[in-house]
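2 protein chains.
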Amino acid sequence: MTTSANPTMLALEKCAKGGPSLASWNEGPAKQSILNFVVGVTTTGSPQFVKPEERVAVFDNDGTLWTEQPMYFQLAFVFDRLKVLAPQHPEWRDRPLFSAVLEGDMKTVAAGGLRGLLELATITHAGMTTDDFSKIVEEWITSARHPKFNRPYTELIFQPMLELLAYLRANGFKTFIVSGGGIEFMRVFADKVYGIPPEQVIGSTIVTKFEMLAGVPVLTRLPELNFMDDNVGKPVAINMHIGRRPIAAFGNSDGDLQMLQWTAAGTGSRFGLLVHHTDSEREYAYERSPLGNLDKALTEAQAKGWTVVDMKRDWNRIYPFETCK
Amino acid sequence: MTTSANPTMLALEKCAKGGPSLASWNEGPAKQSILNFVVGVTTTGSPQFVKPEERVAVFDNDGTLWTEQPMYFQLAFVFDRLKVLAPQHPEWRDRPLFSAVLEGDMKTVAAGGLRGLLELATITHAGMTTDDFSKIVEEWITSARHPKFNRPYTELIFQPMLELLAYLRANGFKTFIVSGGGIEFMRVFADKVYGIPPEQVIGSTIVTKFEMLAGVPVLTRLPELNFMDDNVGKPVAINMHIGRRPIAAFGNSDGDLQMLQWTAAGTGSRFGLLVHHTDSEREYAYERSPLGNLDKALTEAQAKGWTVVDMKRDWNRIYPFETCK
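So the sequence lines, in the order shown, correspond to chains G and A. Going by this note's numbering, the first residue of the first sequence is number 1, and it counts up by one from there. Going by this note's numbering, the first residue of the second sequence is number 326, and it counts up by one from there.
If you are wondering where the hints come from, they were derived from the structure by calculation, not from laboratory data. Careful: at least some of the hints might be erroneous.
Facing chain G, from chain A, some residues (calculated, C-beta under 8 Å) [said to hold, decoys possible]: (1) Phe374; (2) Glu378; (3) Pro522; (4) Val561; (5) Asn564.
Far from chain G, by Cβ distances over 12 Å, these chain A residues were calculated [what the hints assert, rightly or not]: (6) Gly353; (7) Pro372; (8) Val381; (9) Leu400; (10) Ala401; (11) Lys408; (12) Leu410; (13) His414; (14) Ile461; (15) Ala590; (16) Gly630; (17) Asn641.
This structure is a prediction, so every number in the text was calculated from the model and none was measured. Every residue, glycine too, gets a C-beta built ideally from N, C-alpha and C.
Only chain G is shown next, with the shape it has when bound in the complex:
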């Protein structure tokens, strides 16, 4: 992974001269709540002050750091991968779910539910070493294009969130991804596009097995789910990987609710934020939907005073490729 053409940095440099700022955030309560929180925890002597090593911020990925419509980007990878592998697996034609994907019958795929998708995901993500898997993802992520924007998926990251990540890091925060997405899928690009190194990327995992192949030690990926990093899984994964309770959590759906609850329940200054997708023109508008369902978390945000970002109102720029305002 090279950082020389780091889009995060390029995007930040383009619009925000003179250090990290929140230039793509309109003035308003959302931006103000972020500034208030950060000033509080970084001001020595303030009752809100938090020691730098305790400044842990966790970010969901799909719908929070990048777009998740018309489907989770990793799902597009699963479908593309299935098509690549299909010729070697004529038996897939007899499996309704598999043939539905191959024929583009998304209705049948959707009817298979989460369980069906997980089956497709584990099968397409397994049967190779971890090193080979990274290469496959790398190849896909640089060549695949988003159907609406006709751009690489890694360009569909949210400029305001890039600025927020940079602003938090400039204020001593350690930023982590805590996503339902595959940990080894995200690690391929997270450093390059978000400036978040592999050891700060937490996600769902499949079982891997250490073995010797012709005298060379490898980790082989098996078609078996190991850990689902969503809903109640997020606080569990945070505890396992970080071992500290975050002081700030950022999400966009009910899958992030427990992560926000866990973060908010600690002592001292705490910050919770939900991205509400309200811009059908520049991005997508949805909330109570099968994908990125935002329902209970929205209600709880209002009750608990978490910040809710109205994308249409609060962000003057959504993607790095848009012109600076």
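Given the coordinates of chain G, work out where chain A should sit on it, guided by the hints.
Structure of chain A alone, referenced to chain G:
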């Protein structure tokens, strides 16, 4: 966790004025191999040069960073904990393994093997929240004493390894613990005694469950093993938690062999080291033994050119409480 009385720093300051050095290492091939490796990977333009973000070093804990005799320290915690809990569990008297611990019959305990010990460990480590568990460990680790040295276990850390950790960090390395010990057990003291923060401590885990207790979100520890971070588990855990292949690995037993193999098999400059316990007077002398068995790894170290530390010969000081030479 306070860092004001950080014994690592105190120990280092006491003997090594003027920045990190390897003062407790005698001149010889072991010390020289460390210096050669670090100079190589940090010299810009050198063929051995490694970018700072890739300078990942992994350390086993028991027998590598601190003593592991006459039994793993966490096992002493298990036994002590069992005795504390016994009055609430009269039914344990009818279970041979449990009553053996309560009666100090170590022969029967040993006959139960790893499986028996794991059962004892999961039972004594479960049934409370993660926060409560940390408090229990904190209390024990500050009050319990090692039977031979009559000192807190956290004083039985190896001064040369503290110096090595500090030396590597001063050279841009990120240092991780990768141990068979419990992740939440070690995190209580790892930052204070080794300067290794919770997010860089990797270990064995039991299952934890997110739930609401009287409206408060907690993580409850269940009496079920989740992951055993030993042998083939170590490379798997490294991949899961760090997502990068280390360039240096430090261990002392066959349980560390796969971690060393995995580290050594990467491209570019690599370093492997085994601590050989050869000092029956100042510490303990053992190798092919039930505890900290060093057999296959020692053979492979010789074949692969990994560094083997002869404690008696290579370390002029073992513990921080010893007088500086």
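Now for the hints, and whether the structure bears them out:
Residue-level restraint check for Phe374(A) is violated (minimum Cβ-Cβ distance to chain G is 16 Å; threshold 8 Å). The beta carbon of Glu378(A) is positioned within 8 Å of a beta carbon in chain G (closest approach about 6 Å), and the interface hint is therefore held. Given hint, Pro522(A) at the interface with chain G, holds; its Cβ is 6 Å from that chain's nearest Cβ, closer than 8 Å. A distance limit of 8 Å between C-beta atoms decides the matter here; for Val561(A) the minimum to chain G is near 5 Å, and the interface restraint holds.
The beta carbon of Asn564(A) comes within 5 Å of a beta carbon in chain G, closer than 8 Å, and the hint placing it at the interface holds. No Cβ of chain G approaches the Cβ of Gly353(A) within 12 Å, the least distance being about 30 Å, so the stated non-interface status holds. At the 12 Å boundary, the C-beta of Pro372(A) stays outside the reach of chain G, the nearest C-beta of that chain being 19 Å off. With a least CB separation of 8 Å from chain G, Val381(A) falls inside the 12 Å interface cut-off, contrary to its annotation.
The Cβ of Leu400(A) sits about 22 Å from the closest Cβ of chain G, beyond the 12 Å cut-off, so the non-interface label holds. Every Cβ of chain G is farther than 12 Å from the Cβ of Ala401(A); the closest lies at roughly 22 Å, confirming the non-interface assignment. With a least beta-carbon separation of about 28 Å from chain G, Lys408(A) lies farther than 12 Å from that chain, consistent with its non-interface assignment. No Cβ of chain G comes within 12 Å of the Cβ of Leu410(A); the nearest lies about 23 Å off, and the non-interface call holds.
No Cβ of chain G approaches the Cβ of His414(A) within 12 Å, the least distance being about 27 Å, so the stated non-interface status holds. Interface exclusion of Ile461(A) from chain G stands, the closest Cβ pair being 16 Å apart, more than 12 Å. For Ala590(A), the shortest C-beta to C-beta distance to chain G comes to about 5 Å, within the 12 Å cut-off, and the non-interface label is violated. No beta-carbon of chain G comes within 12 Å of the beta-carbon of Gly630(A); the shortest separation is about 16 Å.
The Cβ of Asn641(A) lies farther than 12 Å from every Cβ of chain G, with a closest approach of about 33 Å, so its non-interface assignment holds.
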